[in-house]
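Listed in order, the protein sequences are those of chains A and B.
Note that the first sequence ends on residue 291 in my numbering; no numbers are left out.
Note that the second sequence ends on residue 325 in my numbering; no numbers are left out.
By construction, these hints were calculated from the structure, which means they are not laboratory data.
Mixed in with the good hints, there may be bad ones.
As the list claims (entries may be wrong) - Simulated crosslink set (DSBU-like; lysine-lysine; CA at most 35 Å straight-line):
#1 B/Lys-115 / A/Lys-260
#2 B/Lys-83 / B/Lys-285
#3 A/Lys-260 / B/Lys-160
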Amino acid sequence: METFLASIVSVAFHGSALGMILYVISVGLSVTMGLMGFVNLAHGVFAMAGGYILTTAISRFGVPFPLALVLAFVFVAAGSVLLERFLYSRLYAASDLEQVLFTIGLIFIAVAVARFIYGTLQHPVVLPEYLKGQFPLLGRDFPTYRVFIIVFSAAMVALLWFGVERTRWGAMVRAAVDNRAMAQSVGINTKRLFTLTFALGSGLAGLGGGLGAEIIAIQPTYPFENLVYFLVVVAVGGLGSLRGPFVAALLIGIADTACKYWLPQYGAFPIYVATIGILLWRPAGLFGRHA
Amino acid sequence: MSAHAGGYSADPRIRPVEWLPWIVAIAAFFALPEYLSLGARILIFILYALSLDLIVGYAGIITLGHSAYFGLGAYVAGILAAKVGVTDPMVQLAAAAAAGAFLGLTTGAIILRTKALTLLMLTLAITSVLLEIANKATNLTGGADGLSGVVVAPILSLFKFDLFGKTAYVYCLIVLFLGWWFVRRLIYSPFGTSLTGVRENSLRMHAVGAPVYWRLVLVYTISATIAGVAGGLITQTNQFVGLNVLSFESAGELLVMLILGGVGRIYGAFVGPVVFLIAQDLLAKQFPEYWYFGIGVMLVLVVMFARGGILGILDRILARLRRTA
Chain A
1 METFLASIVS VAFHGSALGM ILYVISVGLS VTMGLMGFVN LAHGVFAMAG GYILTTAISR
61 FGVPFPLALV LAFVFVAAGS VLLERFLYSR LYAASDLEQV LFTIGLIFIA VAVARFIYGT
121 LQHPVVLPEY LKGQFPLLGR DFPTYRVFII VFSAAMVALL WFGVERTRWG AMVRAAVDNR
181 AMAQSVGINT KRLFTLTFAL GSGLAGLGGG LGAEIIAIQP TYPFENLVYF LVVVAVGGLG
241 SLRGPFVAAL LIGIADTACK YWLPQYGAFP IYVATIGILL WRPAGLFGRH A
Chain B
1 MSAHAGGYSA DPRIRPVEWL PWIVAIAAFF ALPEYLSLGA RILIFILYAL SLDLIVGYAG
61 IITLGHSAYF GLGAYVAGIL AAKVGVTDPM VQLAAAAAAG AFLGLTTGAI ILRTKALTLL
121 MLTLAITSVL LEIANKATNL TGGADGLSGV VVAPILSLFK FDLFGKTAYV YCLIVLFLGW
181 WFVRRLIYSP FGTSLTGVRE NSLRMHAVGA PVYWRLVLVY TISATIAGVA GGLITQTNQF
241 VGLNVLSFES AGELLVMLIL GGVGRIYGAF VGPVVFLIAQ DLLAKQFPEY WYFGIGVMLV
301 LVVMFARGGI LGILDRILAR LRRTA
């Protein structure tokens, strides 16, 4: 009984860590798709870039871990502004097919560039001493770094929710998601709003990629291999919502960990089947408003 | 996507230029005997791209999971040949087609009730499920090692698959010709026109009383059947099935081929695989990084500047020549 309880606690804990990472990475995707209706399959590229920036900053330049996290966020956000202004913004009015193709093209480019610079091997994260080891909590030991991931992500999530629910910028974003034409006609500069929001979402993806580099391995095929996970979070959670993807990310994180723990012979099979089931039951996602 | 072959206004008779691909294919058989195995691969991918064009180009269904039907066809033919002992190529191909049709009908009936991101996601999830099954059911599929020992008997007990790929090439060419003939007939039929209508304005098609959902399910099933046949062919010519037939990358590459050639115009599905696979044969092995980089840049450029692909560019050049002449 005790071992069973221990395994449940362990699955819930590791699952939450994975879910938090998935949420931090995917929340920007939910907003991008909700706000502009842009099908951005290349979102994983930002997460991969964040991961590479973090590992390179630490292992090659000796940057301390917290600063490396900040760098991952800043560089990815800045890079995404350039991409958004020069490329994405030209395709807002394009068909879904063209957006899909364009972003698949970006993935191919990113995979090639990553392979060219870093080779095909995984890039491990070098953690600082204070994040290694075990953390005692309620008579059990948990890996310190995972505890840090959960706490840090929770803080980010709280900050993000506060920003969206309580600030002027958040009110403008919500207005634009609800009705873009109306928001524009009452004087909100939706173009600038979108660039900003896109940068924030991409920066968060970069942060999530760096933070989760230990859980979701950083390698050149990252954007392809994890695309399904990011999309599942957004599709199951519901477009343009903040809470939906949060619940979805935790569900997926915990379910995935549980499957790997108890049913390793089935791989990710149960996750995909559950996704199909949920999407058929609620095509707009668990918390989506548009059918 | 305005320019496309088909519709009531178009003349359904085969224009002389439409024989060109077949003349080239036959000429290649005699002129390039050392490239016949690549040639057979190209022919198979043309058939596969043609099936994708039917749903993406004509019906406007965006899918990232078309490799599900291709891969299922490949594995059904492979398992029949390697595990069950059914070596007749016609039976294998029929089974691959039936499997594709069955999966296309069952999944299509479910997923075509949704649209946009949800639809995209569902196509991706279905392929992922199949990939996971193929990966884990190792005693049936060989898992990550692939399925080897695929035995294919002579076609009609007469034509043996030879080392140089002559039989395979002719065999694939004949199947492709039948597939092309069928797809072409379909597109020029009232059914094909109604698909274009759904793509352009599905609300209006509902309003004129067209059974939109059933039309989509039907075309999806047909497309899946053809993809299943293409999958069966790839197994028979390679005598091996690997997990990559089901991967997202392979579905992505197929989309690239179709876009490169031109979507929604039948012959885009011919031009794209020819250019893509020849370029891949020349470049991909020596320069894998540059190869993927090149595909990516090309996709971005096509979307930005050359909607309609190679054939779209040709159209515009011809139109300009005609105006100046």
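How the hints compare with the structure:
1. B/Lys-115 / A/Lys-260: holds (31 Å)
2. B/Lys-83 / B/Lys-285: Within the cut-off at roughly 32 Å; holds.
3. A/Lys-260 / B/Lys-160: violated (46 Å)
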